[in-house]
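Fit chain Y to the given chain P structure using the hints.
There are 2 protein chains.
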Amino acid sequence: MYAENFSNEIEIRKNKIQSVIRRSGADAFLINDNVNLFYTSGRVFSGYTYIPAEGEMIYFVRRPVGLLKENLIYIRKPEQIPEELKRLGIVMPNVLLLENDSLTYNESIRLSNIFPEAKIENGTPLIREVRTIKTPYEINLIRESAAHHSSMYRKAPAVYKQGMSDIEFSIELERLARLHGSLGLVRIFGDSMEIYMGSVLAGENADEPSPYDFALGGAGLDPSLPISSNGSIMRPGNTVMVDIGGNFTGYMSDMSRVFSLGEIPEKAKEAHNVSLKIQSEIEKIAKPGIPASDIYDLAFEIAKKSGFEANFMGHRQKAGFIGHGVGIELNEAPVFAPRSKDILAEGMVFALEPKFVIPQVGAVGIENTFVVTADGIKKLTQCEEDILPLN
Amino acid sequence: MYAENFSNEIEIRKNKIQSVIRRSGADAFLINDNVNLFYTSGRVFSGYTYIPAEGEMIYFVRRPVGLLKENLIYIRKPEQIPEELKRLGIVMPNVLLLENDSLTYNESIRLSNIFPEAKIENGTPLIREVRTIKTPYEINLIRESAAHHSSMYRKAPAVYKQGMSDIEFSIELERLARLHGSLGLVRIFGDSMEIYMGSVLAGENADEPSPYDFALGGAGLDPSLPISSNGSIMRPGNTVMVDIGGNFTGYMSDMSRVFSLGEIPEKAKEAHNVSLKIQSEIEKIAKPGIPASDIYDLAFEIAKKSGFEANFMGHRQKAGFIGHGVGIELNEAPVFAPRSKDILAEGMVFALEPKFVIPQVGAVGIENTFVVTADGIKKLTQCEEDILPLN
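In the order they appear, the protein sequences are chains P and Y. Numbering-wise, the first sequence is residues 1 to 391 according to the numbering used here. Numbering-wise, the second sequence is residues 1 to 391 according to the numbering used here.
These are computed hints drawn from the structure, not numbers from a lab. Check each hint, because a few of them may be wrong.
Intra- or inter-copy, both count: the list cannot distinguish identical chains.
[Unchecked claim] Taking lysine-lysine and the DSSO-like style, the derived pairs with C-alpha atoms no more than 30 Å apart in a straight line are:
no. : residue 1 : residue 2
1   : K69       : K318
2   : K77       : K119
3   : K341      : K77
4   : K155      : K14
5   : K267      : K69
None of these values were measured; they are calculated from a predicted model.
Pulled out of the complex, with its shape left as it was, chain P reads as follows (with noise of 0.2 Å):
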């Protein structure tokens, strides 16, 4: 099930972990987030993992049953945990961190009350800056995502036929996909984001606002789920953004290509030249140390002047951002944005999505997801960067 050299890939982990815990001043982190459950074992499990400031992670399993493994104690439920810590000869947390940004407010008050004596601290941000920083180990999984994913994007145009309507063409995406190792389910942070597998924007609906907080909206095809192809026909003279998420490994890579119906405006094909530059001069300065909101202004000024501002990053919505990290959730750390914080580092993984809302015509632009490496970033998703037919 895991790969030979597991258990030192997990040890490296755990000291990364561990490394934070102790600089925030706490004594232990208790997990119960499925992404964080697998990035400390290797596997979702319903359960918790208890990892010291110092001193051997423990497994505290309620379901599967059979898994055997060291450090796993098997549980009903997360009361017991403090009197199988005891038995264990481990000391009582004196500040306890719990992952407050996505556990419920009574999962997390159940699990305060467990530790009566502890006091309770934010864990979240310290596990995601933990996880911004990809082992060789995970970035050999994205890079594995990445293959299969662009794989799959190059035959994207072979599974279209004439006539077809956006959603039609989404579901053959969908499908080439799963054909290719999709896991299908892709994990995002935050509470009110919801994603099928990803989104293919034909025409106008690109313009359609969404809830969500993705780079391009979509109507969707119902009111409970309004984002991605909303089951117009693709039209002559439209183009299609495929944005189809890459599960294929637990982490994630992320890219998207537009393809043309029929003959589209200069304006569109100008517009997704302009996102091409703004991959490129971005190519040329990124590296560890320099400041994501950099990268930001970079592209925000190369949209202004080409005379794109105004369809930047969609047009009767906006979003805020032109890239993201991704790992085993879609949006991970740094976030490309005016006011973010986040400076580039070595091991950082992210997808850069400089993209333009054209009315009338759709989405152009491009994605493609890099991996900050000691001196630039390198392109772990390869494919066709213009903009394709369709026949």
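Relative to chain P, chain Y alone:
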């Protein structure tokens, strides 16, 4: 976007919610969960629904831009809500309900701080109680989902090709669901719950324990999502249980059917017939006033008498319930479990899923969605219930 009678429908829902607000002694309910935003407005938006114990609901919207609607106020952040309420002459609540079983700890604290004078109470059980009894409008949407769902299941055998792996079959079924109008996303209550579209369990994989609290498990393709198909080839002598969720309207139906490959053991057929018998015996007694626990007990007794107790609701790992309410979420009340306090009432909609896992063979059993009528229950999902051979 909405049916003509939708403002009438919203009025009905508002009255139901206001009635539980008053019963609980609270003055208002501030809603933030997408599921409940959809319930209270008919669409998902980024923002809040404020429901006073009496008077009009007010929608505080961050995104999308461009909504035109009565009682709608655009805000940038929830801290603006009190001033807007004052502007409307609405008295600040002394007791405020928040969704403390789904809001994150920090979001709940943030909203509490906006109403520093108010006592905060947990509204999640109340709004879930309200949503348990569906309105005729909602029942129609579930009926519509169930019709598409049934139609999709009838075509399931046609997408099977000999030599397929379980995941290949699953992918074709997912595509079939989408072509029938599935929105893809399956909403589930509970932070630790994750699902893609559902599960397709072939042979031994049906016996693989999962961390998730679904009726059956499966190893999944990857430890990051240990549920459903694991990529194994389906072999003669195996059963395949298809349990793809049906979100065709924002409202879910749920159904499972079993297919066989080659000749399957008599034992599997017998157990399947026990499931059908459990279903028909439940159909005889289920009606308003019957405790959900009685229905569980009846199912368990029949399973036990037939000699399949060890296989009932799983083998290596067992589910503790045989059915669950469905609605906007896949897991609503009532819950059919031994200690459930739920009592059947007219307008409830639920899935019944008595199932067995036969080692080396796979899962058998049935799942259908029912609505509780004035004097019984009525099946909404309609499709052949015997084990069908795949060729």
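Worksheet item: Going through the earlier hints one by one, which of them does the structure break, listed in rising order?
Response: Violated: hints 4, 5.
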